[in-house]
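There are 2 protein chains.
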Amino acid sequence: MAQVQRMSRLMVKTLRDDPADAETLNHKLLVRAGYVRRTAAGIWTWLPLGKKVYENVARVVREEMDAIGGQEVLLPALLPKEPYEASGRYEEYGDLLFRLKDRKGSDYLLGPTHEEIFTQVVKDQCSSYKDLPVILYQIQTKYRDEARPRAGVLRGREFQMKDAYSFDTSDEGLAEAYALHRGAYQRIFERLGLDYRIVSAVSGAMGGSQSEEFLAPAPAGEDTFVDCPACDYAANTEAVTFALKPASTEGHPAVEELDTPDTPTIETLAEHLGVPASATLKNLLVKVDGEIVAVGVPGDREVDLGKLGEHLAPAEVELVTAEDFEGRADLVRGYVGPQGLDKVRYIADPRVAPGTSWITGANKPDRHARNVVCGRDFEVDDYLDVVVVEAGDPCPACGAGLKLDRAIEIGHIFQLGRKYADTFQLDVLGQNGKPVRVTMGSYGIGVSRAVAALVEQTADEHGLCWSKEVAPADVHVVAAGKAVQTELALDVAGQLGAAGVRVLVDDRAGVSPGVKFTDAELIGVPQILVAGRRSAEGVLELKDRRTGEREELSVAEAIARLSA
Amino acid sequence: MAQVQRMSRLMVKTLRDDPADAETLNHKLLVRAGYVRRTAAGIWTWLPLGKKVYENVARVVREEMDAIGGQEVLLPALLPKEPYEASGRYEEYGDLLFRLKDRKGSDYLLGPTHEEIFTQVVKDQCSSYKDLPVILYQIQTKYRDEARPRAGVLRGREFQMKDAYSFDTSDEGLAEAYALHRGAYQRIFERLGLDYRIVSAVSGAMGGSQSEEFLAPAPAGEDTFVDCPACDYAANTEAVTFALKPASTEGHPAVEELDTPDTPTIETLAEHLGVPASATLKNLLVKVDGEIVAVGVPGDREVDLGKLGEHLAPAEVELVTAEDFEGRADLVRGYVGPQGLDKVRYIADPRVAPGTSWITGANKPDRHARNVVCGRDFEVDDYLDVVVVEAGDPCPACGAGLKLDRAIEIGHIFQLGRKYADTFQLDVLGQNGKPVRVTMGSYGIGVSRAVAALVEQTADEHGLCWSKEVAPADVHVVAAGKAVQTELALDVAGQLGAAGVRVLVDDRAGVSPGVKFTDAELIGVPQILVAGRRSAEGVLELKDRRTGEREELSVAEAIARLSA
Chain A
1 MAQVQRMSRL MVKTLRDDPA DAETLNHKLL VRAGYVRRTA AGIWTWLPLG KKVYENVARV
61 VREEMDAIGG QEVLLPALLP KEPYEASGRY EEYGDLLFRL KDRKGSDYLL GPTHEEIFTQ
121 VVKDQCSSYK DLPVILYQIQ TKYRDEARPR AGVLRGREFQ MKDAYSFDTS DEGLAEAYAL
181 HRGAYQRIFE RLGLDYRIVS AVSGAMGGSQ SEEFLAPAPA GEDTFVDCPA CDYAANTEAV
241 TFALKPASTE GHPAVEELDT PDTPTIETLA EHLGVPASAT LKNLLVKVDG EIVAVGVPGD
301 REVDLGKLGE HLAPAEVELV TAEDFEGRAD LVRGYVGPQG LDKVRYIADP RVAPGTSWIT
361 GANKPDRHAR NVVCGRDFEV DDYLDVVVVE AGDPCPACGA GLKLDRAIEI GHIFQLGRKY
421 ADTFQLDVLG QNGKPVRVTM GSYGIGVSRA VAALVEQTAD EHGLCWSKEV APADVHVVAA
481 GKAVQTELAL DVAGQLGAAG VRVLVDDRAG VSPGVKFTDA ELIGVPQILV AGRRSAEGVL
541 ELKDRRTGER EELSVAEAIA RLSA
Chain B
1 MAQVQRMSRL MVKTLRDDPA DAETLNHKLL VRAGYVRRTA AGIWTWLPLG KKVYENVARV
61 VREEMDAIGG QEVLLPALLP KEPYEASGRY EEYGDLLFRL KDRKGSDYLL GPTHEEIFTQ
121 VVKDQCSSYK DLPVILYQIQ TKYRDEARPR AGVLRGREFQ MKDAYSFDTS DEGLAEAYAL
181 HRGAYQRIFE RLGLDYRIVS AVSGAMGGSQ SEEFLAPAPA GEDTFVDCPA CDYAANTEAV
241 TFALKPASTE GHPAVEELDT PDTPTIETLA EHLGVPASAT LKNLLVKVDG EIVAVGVPGD
301 REVDLGKLGE HLAPAEVELV TAEDFEGRAD LVRGYVGPQG LDKVRYIADP RVAPGTSWIT
361 GANKPDRHAR NVVCGRDFEV DDYLDVVVVE AGDPCPACGA GLKLDRAIEI GHIFQLGRKY
421 ADTFQLDVLG QNGKPVRVTM GSYGIGVSRA VAALVEQTAD EHGLCWSKEV APADVHVVAA
481 GKAVQTELAL DVAGQLGAAG VRVLVDDRAG VSPGVKFTDA ELIGVPQILV AGRRSAEGVL
541 ELKDRRTGER EELSVAEAIA RLSA
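Residue numbers (the working numbering), protein chains in the order written: chain A, 1 to 564; chain B, 1 to 564.
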């Protein structure tokens with residue numbers, strides 16, 4: 001028999017007004033409907049209704065992880081420093097990591113993710129190729145000391161994640177584990193009722209391991225992604241590539257120097273010459289591991305320094321300062337052009353293709369040059385996708401203009417490869433008797449974040465609006481208030497519960513029908529069954545929370561319909 | 001269909017030898033059988049088999065908490081300092097508390113228990129007597145920085161607890177919530193298969209709130225309790241009382257002073273006079289909030305300073321030092337007797353009853369007195385049970401000699417009263433329209449500790465030995481090794497799984513039958529079904545893990561028996 005929850009006994013306090021500090025739907029509605037309560041910045045309490053929704057999401061995740069052979073474990077959240085020092089992440093995480101000492105002064109951290117510890121577990125438990133492949137997962141509390149925890153349970157400092165890790169002896173095995181997770185994630189998000197896109201997370205140009213993100217489009221999302229309206233291409237903006245299309249370097253006029261006083265910026269230059277910014281070539285100087293490098297992009301585009309940094313990692317990228325120009329007669333600040341940069345590495349966006357012609361700096365104060373042709377007057381050392389992607393940029397797959405959308409990252413699957421296995425020397429004995437280095441994948445779903453994403457995508461002006469699989473109950477029975485109505489409501493609730501239906505029944509005394517109806521809409525159970533006006537005749541009204549459709553039903557009809 | 005777990009795919013590595021540092025059964029066996037792995041001192045990873053057992057215990061706890069109307073919530077483990085400062089526990093916990101700072105320098109702690117936060121939640125969510133009573137619970141990770149984390153998962157620094165809190169407007173309501181929890185705890189521990197005793201945790205002499213502990217007798221236990229072999233009395237040693245039995249003060253010989261050179265201790269005195277230590281009266285001097293107080297107990301008994309401290313709390317008890325005797329001619333060190341202590345408060349054990357006669361100090365150097373009669377020669381200001389309880393002490397209920405036993409505290413129920421409600425001014429509007437201060441109970445079960453207690457109580461020389469309710473599987477099917485045996489084992493396992501039986505099947509290739517049998521005993525699933533010698537005939541051997549009884553069965557008989 002499923003549980004019948006009586007509102008008269010349930011700890012749920014609904015609010016008419018949004019919390020003062022709430023900016024996002026999930027924060028406003030989960031608090032107003034009594035699902036969660038803020039304990040500290042980015043640290044939340046799950047109240048009874050919220051705990052049910054959270055557990056429903058966790059159950060779906062667990063079922064699908066078990067279905068692909070995942071083995072559930074539970075690792076600690078309080079972790080010793082050493083494994084994270086070995087991987088380098090104890091420092092890399094910077095301020096994101098909660099660090100603490102125990103009574104003896106030993107260093108610990110609160111786990112932000114558990115690659116290191118899982119690697120150690122497998123090193124300890126698996127010694128032969130026969131022990132692999134293995135997929136391990138946990139649904140566990142994670143910690144990240146976000147600089148600006150906000151957006152309700154979307155980005156907490158303490159939050160719940162399902163993290164899984166696969167261990168294989170071959171790249172093919174890893175690819176298979178990756179495909180299994182990809183399929184499981186699709187089933188999970190479909191069952192939860194989330195609208196999602198799978199996007200490439202790492203630029204193909206960089207090669208290397210495969211990585212995809214599961215994004216739930218929502219205005220409150222903190223991620224931007226591109227979406228092609230013409231084909232099925234979608235990607236993290238950082239993963240978008242632009243095809244290099246070389247043209248002939250012949251037939252261009254000769255380079256011509258121009259007198260362009262006081263035009264150290266693209267804006268001043270374009271205005272002075274009366275040309276669009278896109279006709280000019282912008283050359284940004286940066287330092288890569290201390291060495292000055294120039295980055296060329298069309299004058300109307302911005303360089304994405306984060307993307308540049310990822311391309312060049314582990315080298316460090318910094319902006320140049322006035323001191324860097326000292327003693328460098330070849331670098332004329334504000335008037336740099338690639339045609340005079342013999343001693344400087346030149347990186348360019350693929351838009352600066354061979355055969356394109358530009359207005360750019362003449363490497364002399366207050367002077368620019370026109371008809372500067374790539375491949376004739378200068379060479380590009382490395383082509384990298386480093387411009388900030390904009391709406392309308394061509395789709396790498398079909399060429400149509402891309403859309404830019406905001407989304408919530410709800411899942412991430414990643415072929416880690418041997419990074420952690422190398423750190424911890426995770427080998428198993430191979431079939432040929434020799435040690436084989438293990439290859440790993442890591443796969444995450446934000447469980448508490450999925451709840452937030454569901455709210456952002458499905459709530460309407462009346463409140464929450466859950467899918468059947470995650471709703472805290474299947475039916476919300478409302479007793480309008482009179483004795484006969486309460487009696488009917490409790491009777492129907494009891495019968496539904498006996499039939500295995502999860503019921504929330506509003507049997508509160510001294511609460512007006514209007515307040516009860518408003519609360520039912522706010523709480524968002526998919527079906528609302530009202531014992532109202534025609535209760536004496538045994539007639540109830542069934543309302544679909546999402547569509548608003550209403551229908552009158554007898555008790556028998558209601559039981560039959562809802563327990564179907 | 002229940003899950004069929006194949007050992008060939010399960011991450012479980014059994015060990016023949018105990019871990020070097022293991023002192024207790026649960027530590028040795030849970031590690032050897034591949035249930036848990038140590039991540040750091042007192043910090044454990046639950047491996048696949050361990051996670052199943054842990055979840056089974058949690059499920060039983062959850063079902064019984066739901067049955068008494070408990071509402072499940074989930075509070076954070078990372079908590080702001082302020083509520084714990086308000087209650088005084090931020091300091092009181094001392095080194096037991098893990099403390100840390102976030103990136104902004106604000107103080108946080110890892111929750112050791114959540115009274116403060118639950119009080120705040122209820123203050124926020126409940127405003128009227130109509131919102132109460134309420135029972136809230138969570139199954140959650142707790143943190144205590146134990147000085148000597150040891151004994152496996154029995155006393156971890158990170159561990160799992162079910163903590164519940166009741167909120168009522170009246171003492172009667174609290175008593176009812178307490179009784180509900182007491183019943184639920186009895187059902188939980190019975191279902192888990194734990195042998196337990198319910199013992200009084202606070203001395204009746206002190207009055208006040210009721211508190212009981214659920215103790216699981218086990219040699220590895222860190223608690224000592226008394227148990228009456230003749231009646232059902234059981235108590236924490238600190239809660240044992242001794243009845244005061246006054247006798248006549250008439251008919252005793254007069255006090256007589258004795259010359260007892262160099263006898264400042266009970267041992268030297270008893271030897272000098274040739275009397276048993278029990279004939280002498282020991283007078284311990286302590287300082288209570290700075291004032292000197294004497295505590296009288298029979299010479300053969302020890303004063304339990306912890307117990308004395310609890311009786312006199314919040315006053316602070318310290319031992320006296322040499323300086324405390326300066327200027328106190330009435331206090332002759334080593335020769336104190338109550339008959340001369342007019343200016344000193346005299347506390348005595350009930351064994352020092354009116355009418356008892358003693359040899360004690362004469363309040364002069366090297367002098368003692370005999371025939372010093374309580375009620376004739378000195379008066380007792382307060383009777384308190386302060387002696388260390390010993391085996392053979394009389395049962396307060398029936399007078400029989402008590403037994404002393406070691407046990408593991410697996411549960412604790414406690415009528416907190418209004419302590420936290422006072423701290424946080426937790427009031428609700430009463431029926432008469434006036435605010436009512438709320439009264440609370442707190443109720444804990446160590447979930448990970450219950451797993452350890454089960455091992456300590458039920459394991460045998462072959463390994464773990466789970467009860468059906470908590471076992472990681474119902475049946476452990478062992479394929480002895482040949483193809484026909486493996487085929488039969490997998491066939492039977494499949495059929496059992498289809499019939500709803502949870503099956504672990506040892507289908508490992510290249511592992512000897514002997515190793516498989518030893519592993520099955522070590523892993524401790526209640527029923528072991530072997531596809532061995534007579535597999536070709538379709539005959540299996542069923543072995544009861546606990547009793548060792550064996551029986552040959554056909555496939556059909558085995559399915560019928562095990563799915564019954």
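Treat the hints with care, as some may be off.
Copies of the same chain look alike in the list, so a pair counts if it works inside one copy or between any two.
What the hints assert, rightly or not - Taking lysine-lysine and the DSS-like style, the derived pairs with C-alpha atoms no more than 25 Å apart in a straight line are:
| hint | residue 1 | residue 2 |
| --- | --- | --- |
| 1 | 543 | 468 |
| 2 | 403 | 123 |
| 3 | 403 | 364 |
| 4 | 543 | 245 |
| 5 | 81 | 482 |
| 6 | 343 | 543 |
| 7 | 482 | 130 |
| 8 | 419 | 307 |
| 9 | 81 | 104 |
Please keep in mind that the hints were generated in silico from the structure rather than gathered at the bench.
(message) I'd like to know which numbered hints this structure contradicts. Please list them from smallest to largest.
(response) As far as the earlier hints go, 2, 3, 4, 5 and 6 are violated by this structure, in ascending order.
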